[in-house]
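Chemist: Letter by letter, the chains look like this.
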Amino acid sequence: MIARDRVSKLTANLILLGIGVLFVLPLLWVLFASINRTAGLRVELPTSPTFENFRAVLNTDTTYRPVFNGIVLCGGAALLTMICAVLAAYPLSRFKTKFNRPFLLTVLFCTGLPITAVMVPVYGLFVQLNLIDTLGGTIMFMATASLPFAIWLTKTFMDGVPISLEEAAWVDGAGSMQALYRIVLPLMWPGIAVVLIFTFIGMWGNFFVPFMLLLSPERLPASVSIFTFFGQYGEPNYGQLAAYSLIYTFPVLVLYLLLSRKLGGAFALGGAIKG
Amino acid sequence: MTTSATAVSVPSGEKAGRSGPPRFAKTVKMLPLAPAIGLMLVFLAGPILYCIYAAFTNMALTGTGAANVRFVGLDNFRKAFGSSAFTNSIWLTLVFTLVSAIIGQNTLGLGLSLLMRRSTKLVRNFVGTAVIGAWVLPEVVAAYLLSAFFNDDGTLNVILHKVGLPGQDWLYAAPIIAVSLANIWRGTAFSMLVYSAALSEVPKEIEESAEMDGASGGRRLLWVTLPMISRAIMTNLMLITLQTLSVFGLIYAMTRGGPGTKSQTLPLYMYEQAFSFSQIGYGTAIALVMLAIGAVFSLIYLRGLNSEAA
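These protein sequence lines map, in sequence, to chains A and B. At position 269 of the first sequence the residue is numbered 269 (our numbering), and the sequence of numbers has no breaks. At position 120 of the second sequence the residue is numbered 120 (our numbering), and the sequence of numbers has no breaks.
You may find that some hints are simply not true.
[To be verified] Chain A regions said to be covered by chain B (calculated; three or more residues, Cβ under 8 Å):
(1) 65–79
(2) 89–100
(3) 119–131
(4) 196–205
Note that these hints are calculated values from the structure, not bench results. C-beta atoms are modelled at their ideal positions from N, C-alpha and C, and glycine is treated no differently.
So here's chain B without its partners, still in its complex pose (with noise of 0.2 Å):
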């Protein structure tokens, strides 16, 4: 069965084109899709629109722009590119999805699963579950266990103080380091599988003759393996970085966004602005910022997909 989910590619309608029960008109044909299309119209379509329309808006919870909404143009967005606080979270985002995602996740699941081809079946089950666990904690219980590790009193500084180095409250010293490293924490094992499962298909017999032509395990890697996964990893990078751009859960059980704004990514000042400060015209702008750099995330995605599927 496992078998059967192969690629993710779109395909080109003829291939998949086959006649139905003749008897049934197109449009018959076509009416299962139906609840699946209402609903998406409603809930993510409805949403996107009222997104782009409040976003121009003064709209709020309280104040002049609760009793009448009004135009208000690029107001929002001014008001955004112009405020320190936004610049600051625009950064933060920045930095927690090359650390956590980029770097972390995906080099430390490539490497995971390089590794793992080459170790013994106990260490491997091991080391596999471990990683799975933490991915498969529900989001919440992930942030207080790494909450309690990075604590003044928790297990990392037990250990830096055993190698005899100084240990500080890393949620306070150094919060979007700590954040990024929970998220590390918690997604390496996608990376893992999607590496594992395209590893899994390189044919041994091209690294072996690499190698009896003298080859070096870096260079191996370097100009074998890896570009016989390069679709695997341009796959992996696209998907990690949407899911890190949108991470709420994890930091905003650890940090609530704190101290001050220090780990405040782009979600956790956009609910701040909008719920904490009832400026629901503003932090739909924000909505709208985030939706559009997702936006051309999953179009440069598309884009590779469909000219590889080609």
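For reference, chain A alone in the conformation it holds in the complex (with noise of 0.2 Å):
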């Protein structure tokens, strides 16, 4: 019997192995190309690493606007997002309507819409409105197609706050929003700090919707100004594309970190899923 365990451990050990390999090679190649002045594409080792890359593409024009452009971008959108979620979540969570289940369900239905399909209408809508190119609208849209999910798991979380503490506020004389604000965020701050991680994240990476709303190139965040490396020239510069992809992937990274390490990250949202 524990021999055979050991054989099944050691089998498992090895597959995940493999597979761990197979997810880290790419990874490996953007580590290596950054600091090799003469990167293609595949995987080597520099044989002479160097910090030139980076010191090429850290400029005005090719990161440092477009890093800020995304902050302010998924900063402010994330921000929204979540004031309307908490707003929204605390009603449904603490007050019995019969508005309160349709509601639900329409939001969770929601949250499975392809916002790729409705990227058309809405460049169609932005164009009429005079939304198109503007960072408010811009915003105010990434705001919304997050909000379904992010009500969704605000809501999950603010339940798990006791409604007791609350009920003797409202003894008190206290307001709902009162009550919100002094007694349920400060309980739930690291659900809140899950779900505006999470929404950020998304944002970051999200190249589809600023690609479509926003035009001109002073506007537009990381995810979509990676793709001035691939300009009029021909072959791209490997080593500078792939030092802008760090520096890009690094926000991201620490707020990740930031979730797994002090929150629970990952395994809490695969718990709030999983069902």
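Join the two chains into one complex using the hints; note that each chain is given alone, in its own frame.
Modeler: Here you go:
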């Protein structure tokens, strides 16, 4: 029995290692290429590591402005999502009305709709409303697109906060918004952080929405401006592309680590979703 | 805190129902919902209604459809279902969804989470980090990494040559397979996390007692473990199908739907028709087809959740 256990454990480890290596190889490429002046397309250790690629892309046009735009765009949209989601989740979680169930079902239904498909009509709508190529319009659309899922998650987290504390506050004459702000939010900030960070990560990587709704090069976020590496000049500089990719990925990597170290992170999300 | 995030189930009213501060009228109590509802009406319901309208017109960015928009009935849909490019994109979307989501991400995610229960901590952490790393990367970056990997001069061919197999430019020879594999690479983490969470709630004793009764590993999996996480499997399949149906950036950045139309899935075809060819009316008709497919899956998903929660 024990011998068989050991064999099965060894097999499991070996298979896992094999799969792990397949997942790591493409990641290794970006790491090695970013410090290689003559980077090609295959994984190879650079003979003389250099930070020249990073130096070449760290300028206003290539990196600073797109990253800044991305922070404004995704930060603004994630905040807007979060504010609306918290406000919406409170009555859904606390008050009993006939309206709750149909609303929640609609929200859940919306999480399944392919946002990609909505983009053509959204483009048409934005042209008619003169919102094309405006940061405000794009922020509002991005916020709306992630709102259904955010409302759902926030409500799930809020349901975990016991209502008895608020009932005491109500007796003392506090309004419901006061109770939300002073009692519920402080108790569920880890849940808020999880939803906020996941919303932001999703937006940071989103390419299609800003690609469609923003036109001026000076407004484009990092997810779209990365395309300029494949300009009119044929073969792109792979080393610089890799360096830029790393810089662009860095913020979400930090946020993700924060999430998984401090908040139980993705595992919590998996738990919230698995049903 | 993590335990508070549990079942995705629609509360059946009574359970969630508590009375709020008594001095508030019902409408005032529900007022905080207004910003969310407002945004969703304007930016979600609005475009969908607009989509339903435009799909039956000849709206275009240039030409006659730009000057005077008129209703054309079902013309756009007739044109779509009669066009080989459209049917081609439907097929490719099916292949992409089947290979990358239902077979690839789902099976690999389940396999990984099962194997991880038997592995040593070091291996588990290494694999978990690599798989989640691929997931956290922004879409376009992931697309570049895998374009490089599948390229003629890329890492995959280097490995194939080492073991004596012929290499080729995968993005050119088998683009839909290459983008499907790319989507597996990028998306498996989601299934892995969902299944790890589900498996963590399967009591070890049940599996052990099955083992005592002499059930082999495969049988135990099929008859004991899998039925216990069947709900997670359904949920996961539904969600990754919906995600995969609307993948755009990954394919666009890797192949632009090419060469020719060999990896042009439905979202890319819609994009090309609406914007490269300026046929907004026709493009929205295709968008409406996609929305309908998404809506059907979403409804099945809702039904599943509801019947389980009841």
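Chemist: Hint by hint, note whether the structure agrees.
Modeler: The hints, checked one at a time:
A count of 0 residues in the region 65–79 of chain A with a Cβ less than 8 Å from any Cβ of chain B is obtained; the coverage claim is therefore unmet, three being the minimum. Counting residues of the region 89–100 of chain A whose CB lies closer than 8 Å to any CB of chain B gives 11, so the stated coverage by that chain holds, three being the minimum. Counting residues of the region 119–131 of chain A whose CB falls under 8 Å from any CB of chain B gives 7; the rule of at least 3 is met. Chain B is given as covering the region 196–205 of chain A, and this holds because 3 residues of the stretch bring a CB closer than 8 Å to a CB of that chain, at least three being needed.
Checked against the numbered hints given earlier, the structure breaks only hint 1 and satisfies all the rest.
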